[in-house]
Amino acid sequence: MLSSGFHKAFESRIRLGIMSALAVNDALDFNSLKEYLDVTDGNLASHIKALEKEDFIGVEKSFVGRKPNTKYFITPAGKKAFGNHLAALEKLIKLQK
Amino acid sequence: MSTEQDYIRDIAEIRSMMERSSKFLSLSGWAGVMAGVYALVGAYIVHVFFGFAPLKIAYDAVELEQFSLKGAVMVAFGVLVLSVGTAVLLSSQRAVKRGESLLNVTSRRLVISSAVPLVAGGILGLIFMEHGLIGFLAPVTLVFYGLALYSAATYTYKEVRVLGLIQLALGLLGAAFVELGVLFWAMGFGLMHIVYGIYIHIKHER
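As given, the protein sequences belong to chains A and B, one line each in that order.
Using my numbering, read the first sequence as starting at 2 and increasing by one per residue.
Using my numbering, read the second sequence as starting at -1 and increasing by one per residue.
Be a bit skeptical, because a hint or two may be false.
Label-pair ranges, simulated between beta-carbon atoms [said to hold, decoys possible]:
#1 V25(A) - I125(B): 35 to 45 Å
#2 Q3(B) - V60(A): 29 to 39 Å
#3 E203(B) - D42(A): 25 to 35 Å
#4 G76(B) - S13(A): 49 to 59 Å
#5 L96(A) - V82(B): 43 to 53 Å
#6 K54(B) - N32(A): 51 to 61 Å
#7 D30(A) - L124(B): 29 to 39 Å
#8 K54(A) - V39(B): 51 to 61 Å
#9 N32(A) - G69(B): 41 to 51 Å
#10 N32(A) - I55(B): 45 to 55 Å
#11 V60(A) - R159(B): 27 to 37 Å
Some chain A residues judged to face chain B by a derived CB distance under 10 Å, without partners named [stated by the list, open to error]:
#12 I19
#13 A22
#14 L23
#15 V25
#16 N26
#17 L29
#18 D30
#19 N32
#20 S33
#21 Y37
#22 L38
#23 F83
#24 H86
#25 L90
#26 L93
#27 I94
Quick list of in silico lysine-lysine cross-link-like pairs, PhoX-like style, CA-CA up to 25 Å [what the hints assert, rightly or not]:
#28 K21(B) - K72(A)
#29 K21(B) - K81(A)
#30 K80(A) - K50(A)
#31 K21(B) - K80(A)
#32 K80(A) - K35(A)
#33 K21(B) - K35(A)
#34 K95(B) - K35(A)
#35 K95(A) - K9(A)
These aren't lab readings, by the way, just hints derived from the structure by calculation.
Predicted model only: the values in this text are computed from it and were never measured.
Each residue gets a CB set at the ideal place from its N, CA and C atoms; glycine is no exception.
Put together the whole structure using the sequences plus the hints.
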């Protein structure tokens, strides 16, 4: 029933939210993502890890002064998968109308 | 199994997340209205009490004595401080209400992208003043303010871009017709802020 283009990694709203935010930003840090998504640290971290495993997002570690600063960005593979997922969603909605 | 409702909600959330994470939408319309009011009062004081009404571009030291330039600059500075203060205060109230933080990625980008043209315009204004190019003071601040809004609009309501173009146009008109510079300044900083503030308030805050 599921048409091609859907990816099971995006079945979670939070993962979909992370991808949406990273799709329109060069890179975002953990706290910014947390603010937008309104989730706990542990919850966000596990979803980020899942997306990292799929190679949909990448991590960029640097230092701001002496504080470590971790930023996340969308990878080309992630962009493609997210775009396909979006297109599949739109197609489904159109079909059902 | 997901239903059509779920898909529609997914798309709605994707859209809202893209917007929230790339634009600062807690900017207050009322702050715009107040900035316009301060500017009109400021322009009135500068014009009536300090006699600031340049009729040409350049003035020499003797001619300059007819203006209380110091007073005019202080009033302009006061308008700026009041406007920024009001904007920060009202926007932070809105941000709290919307569960957004005032100092997030988008607001920082908004400030940085507008600061570049604003600082450049401020410095150029000071240089013009040093050289007695008094007629260009009002237009040049308006031109650079328009550029600042135009670039900042990427990170907030898209209507701000149009406001930027209007300020830019009024500034250029003011430079072309120097004797009307203060009038165009009052129209831009004053009237247009009030009109746009009300528009933003009606469209986005209710």
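Now the hints, each set against the structure:
Against the hinted window of 35 to 45 Å, the Cβ-Cβ separation of V25(A) and I125(B) comes to about 38 Å, which satisfies the hint. At about 35 Å, the CB distance of Q3(B) to V60(A) agrees with the hint of 29 to 39 Å. For E203(B) paired with D42(A), a C-beta distance near 32 Å keeps the hint of 25 to 35 Å intact. The hinted window of 49 to 59 Å between G76(B) and S13(A) holds, with their beta carbons roughly 52 Å apart.
For L96(A) and V82(B), the Cβ-Cβ distance of about 51 Å falls inside the hinted range of 43 to 53 Å, so the restraint holds. The supplied range of 51 to 61 Å is met by K54(B) and N32(A), whose beta-carbon atoms lie about 54 Å from each other. Between D30(A) and L124(B) the C-beta distance comes to about 37 Å, which sits within the given range of 29 to 39 Å. A beta carbon spacing of about 60 Å between K54(A) and V39(B) agrees with the range 51 to 61 Å that was offered as a hint.
In this structure, N32(A) and G69(B) meet the distance hint of 41 to 51 Å, their C-beta atoms being roughly 46 Å apart. Taking the beta carbon of each, N32(A) and I55(B) are about 50 Å apart, inside 45 to 55 Å as hinted. For the pair V60(A) and R159(B), the beta carbons lie near 34 Å from each other, so the given range of 27 to 37 Å is met. Annotation: interface hint on I19(A) holds; nearest CB of chain B at approximately 9 Å, less than 10 Å.
Interface hint status for A22(A): upheld, as the beta-carbon distance to the closest one in chain B is roughly 4 Å, under 10 Å. For L23(A), the shortest C-beta to C-beta distance to chain B is roughly 8 Å, which falls under 10 Å, so the interface hint holds. Against a cut-off of 10 Å between C-beta atoms, the interface hint on V25(A) holds, since the closest Cβ of chain B lies about 4 Å away. Annotation: N26(A) was flagged as interfacial toward chain B, and the flag holds, the nearest CB pair being 6 Å apart, inside 10 Å.
With 10 Å as the threshold, the beta carbon of L29(A) comes within range of chain B, its nearest partner Cβ sitting at about 6 Å, so the hint holds. Taking 10 Å as the C-beta contact cut-off toward chain B, the hint placing D30(A) at the interface holds, the least distance being around 8 Å. At a threshold of 10 Å, the smallest CB-CB gap from N32(A) to chain B is about 9 Å, leaving the interface hint in force. Here the hint on S33(A) is kept, as its CB sits about 5 Å from the closest CB of chain B, short of 10 Å.
Hint on Y37(A) holds. Least Cβ distance to chain B is approximately 5 Å, under the 10 Å limit. Interface hint status for L38(A): upheld, as the beta-carbon distance to the closest one in chain B is roughly 8 Å, under 10 Å. Restraint check, F83(A) versus chain B: the minimum CB separation of about 9 Å is within 10 Å; hint holds. Of the supplied interface hints, the one on H86(A) holds, with its beta-carbon coming within about 9 Å of a beta-carbon of chain B, less than 10 Å.
Checking L90(A) against chain B: minimum C-beta separation of about 5 Å stays under 10 Å; hint holds. The closest approach between the C-beta of L93(A) and any C-beta of chain B is roughly 5 Å, which is under the 10 Å cut-off, so the hint is satisfied. Hint status for I94(A) relative to chain B: holds, with the closest Cβ pair at about 5 Å, below 10 Å. Straight-line distance between C-alpha atoms of K21(B) and K72(A) comes to about 19 Å, which keeps the hinted pair within the 25 Å bound.
As the CA atoms of K21(B) and K81(A) are separated by approximately 23 Å, the hinted pair is consistent with the 25 Å bound. Simply put, K80(A) and K50(A) have alpha-carbon atoms about 17 Å apart, close enough for the 25 Å limit, and the pair holds. Restraint check for K21(B) and K80(A): the C-alpha separation of about 20 Å stays at or below 25 Å, so the hint holds. About 21 Å separates the Cα atoms of K80(A) and K35(A), which keeps this hinted pair within 25 Å; it holds.
For the given pair, K21(B) sits about 16 Å from K35(A) by alpha-carbon distance, which is consistent with the 25 Å threshold. About 17 Å separates the Cα atoms of K95(B) and K35(A), which keeps this hinted pair within 25 Å; it holds. With a CA separation close to 21 Å, the supplied pair K95(A) and K9(A) stays within the 25 Å bound.
Hint check: no violations occur; every hint is consistent with the structure.
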